[in-house]
Amino acid sequence: MNLNDKKTKKVVAGIVAGAMGMNIVPAMMPVVDSDLVGMFGIRAAEAAVPTELARNVAFTDTDTNGGQIAGNVTWEAAADESNITDYVVYYLDASDQKVGEAIGTVAKGGTYSVTINADTAIPTGATQIGVFSKNTEGESATAAKVAIVDDKSGDANNAPTVANPINDITGTAGGEAVTIDASGTFEDQDGDSLTLTAASSDESIATVTVNGTDIVVTPVAEGTATITVTADDGNGGKVNTTFGIVVSNAPTTGDGTGEDGTTGDDTAGDDTTGDDTAGDGTTGDDTAGEDGTTGDDTAGEDGTTGDDTAGDDTAGDDTTGDDTKPFSITAKGDLDRSSGIKATVNVDRISAAPDHDGSEVVIFQLMKGNEPVSIVALEKDIQSPEGLTAHFNVDGSDNNYWVKVFVFDEFNSDTNSVQTNLAQALELGKN
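Counting along the sequence shown from 1, when you hit position 101 you're at 101 in the UniProt record's numbering, and nothing is skipped either side.
In short, the hints are calculated from the structure, not lab data. All figures in this text were calculated on a predicted structure; none of them were measured in a lab. Wrong hints could be hidden among the right ones.
[Said to hold, decoys possible] Straight line, CA to CA, 27 Å or less: simulated BS3-like cross-link-like pairs of lysine-lysine:
| # | residue 1 | residue 2 |
| --- | --- | --- |
| 1 | LYS404 | LYS332 |
| 2 | LYS332 | LYS430 |
| 3 | LYS108 | LYS134 |
| 4 | LYS404 | LYS368 |
| 5 | LYS430 | LYS325 |
| 6 | LYS404 | LYS430 |
| 7 | LYS98 | LYS134 |
| 8 | LYS368 | LYS342 |
| 9 | LYS98 | LYS145 |
| 10 | LYS430 | LYS342 |
| 11 | LYS325 | LYS342 |
| 12 | LYS380 | LYS325 |
| 13 | LYS98 | LYS108 |
| 14 | LYS404 | LYS325 |
| 15 | LYS152 | LYS108 |
| 16 | LYS238 | LYS145 |
| 17 | LYS342 | LYS380 |
| 18 | LYS134 | LYS238 |
| 19 | LYS152 | LYS134 |
| 20 | LYS404 | LYS342 |
| 21 | LYS108 | LYS145 |
| 22 | LYS325 | LYS238 |
| 23 | LYS342 | LYS332 |
| 24 | LYS145 | LYS134 |
| 25 | LYS380 | LYS332 |
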């Protein structure tokens, strides 16, 4: 029964009059709140929980230890306190649900403040403090709130450390960018989330950007630059690591790529004019070396058939003994053409093959049909299996593009210098 309703008041008046033995027409006897107080001891306005809330709730953590808080929760009175008797303070979770028992209660008209003692542990799940309005019917359905900001300034912070330094790289002036996955480069003892930034010592040689944990280095011009990568834990802890990039001018290519992938003038195979023109394999000084790149011995190193006059020995494909390469190249899936072209391979030492001292250079050569387009050169001292990736910013949907991968003993742009091929070349995505 709604006691504020006019029709209800008439009915109540009639009931009261009947009980008193009076013949009174209800419409002539309006009922007000003061009448109900005298008749039934209730007031209509107090028949519901409060809806008005406290204002300007504030809390500042004065405990500098992480996971603990202290300080005063303060607020101002609700705009209308006529239906409020008290204010009650609770911890709340992210969904505004109460966590645990009330922190404190303050009567209307008092000092609107509740103290949280020092070294108080933040309850599990608590992210806010809420002030509820209360009367004899109960507490308000919602609360005025303030977020808990935990002051951790007193905690000792451990700066991040370098777990896996980044190796030096090479690039070609004006060529494709080299992307380095730095997700395992740094680690943080405190488990802090690390933000990476990077800078180049000479942006006229190479520029650098960061995409999440990927370091993207773009070769610009011939020269050497140092890349500095910084990890920041957001709590004052930082650490740097550096690596170098050597940028070379793009090499001048010959008339073709040849069997061994070299780009000099021997790509057609100069073995066609050796002394063993009869092809009986009985003559020839084999002064050209194992891969036949100079072509003085048309019979090849085995000297038994004289069939090498077509220049097939330029890749060192002799199968009769001395031409075993110290490394192998295997594909890690097909070419990724979803965004440009990305080629990924594994390069590994062959235990039974002759060893190679020092660094090796892995060359990714982008081809369009039979025409070389661009290269990415990565220098590594390969002691164990290495996964390497090259990116080319071209139209990946064009199936004329494919990639050929080599391993050489060095990389230079001198077309008169012969590089030693250290692995059987691998072709990726060739139609």
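Here is what the structure says about each hint:
1. LYS404 to LYS332: holds (14 Å)
2. LYS332 to LYS430: OK: LYS332 and LYS430 at ~15 Å, within 27 Å.
3. LYS108 to LYS134: Satisfied, since the Cα-Cα distance of roughly 9 Å is no more than 27 Å.
4. LYS404 to LYS368: holds (11 Å)
5. LYS430 to LYS325: holds (23 Å)
6. LYS404 to LYS430: At roughly 9 Å apart (the allowed maximum being 27 Å), LYS430 and LYS404 satisfy the hint.
7. LYS98 to LYS134: holds (15 Å)
8. LYS368 to LYS342: holds (15 Å)
9. LYS98 to LYS145: holds (12 Å)
10. LYS430 to LYS342: It holds: about 14 Å lies between the C-alpha atoms, which stays within 27 Å.
11. LYS325 to LYS342: Holds - the C-alpha atoms of LYS342 and LYS325 are around 26 Å apart, at most 27 Å.
12. LYS380 to LYS325: holds (17 Å)
13. LYS98 to LYS108: holds (21 Å)
14. LYS404 to LYS325: holds (17 Å)
15. LYS152 to LYS108: Violated, at roughly 34 Å.
16. LYS238 to LYS145: Status violated; Cα separation ~35 Å.
17. LYS342 to LYS380: holds (19 Å)
18. LYS134 to LYS238: At roughly 50 Å apart (the allowed maximum being 27 Å), LYS238 and LYS134 break the hint.
19. LYS152 to LYS134: violated (34 Å)
20. LYS404 to LYS342: holds (12 Å)
21. LYS108 to LYS145: Status holds; Cα separation ~18 Å.
22. LYS325 to LYS238: The given pair, whose Cα atoms are some 44 Å apart, is violated under the 27 Å limit.
23. LYS342 to LYS332: This hinted pair holds, its Cα atoms lying about 11 Å apart.
24. LYS145 to LYS134: Measuring from Cα to Cα gives roughly 15 Å; hence the hint holds.
25. LYS380 to LYS332: Holds, because 18 Å separates the two Cα atoms, which is no more than 27 Å.
Checked against the numbered hints above, the structure violates hints 15, 16, 18, 19 and 22; every other hint is satisfied.
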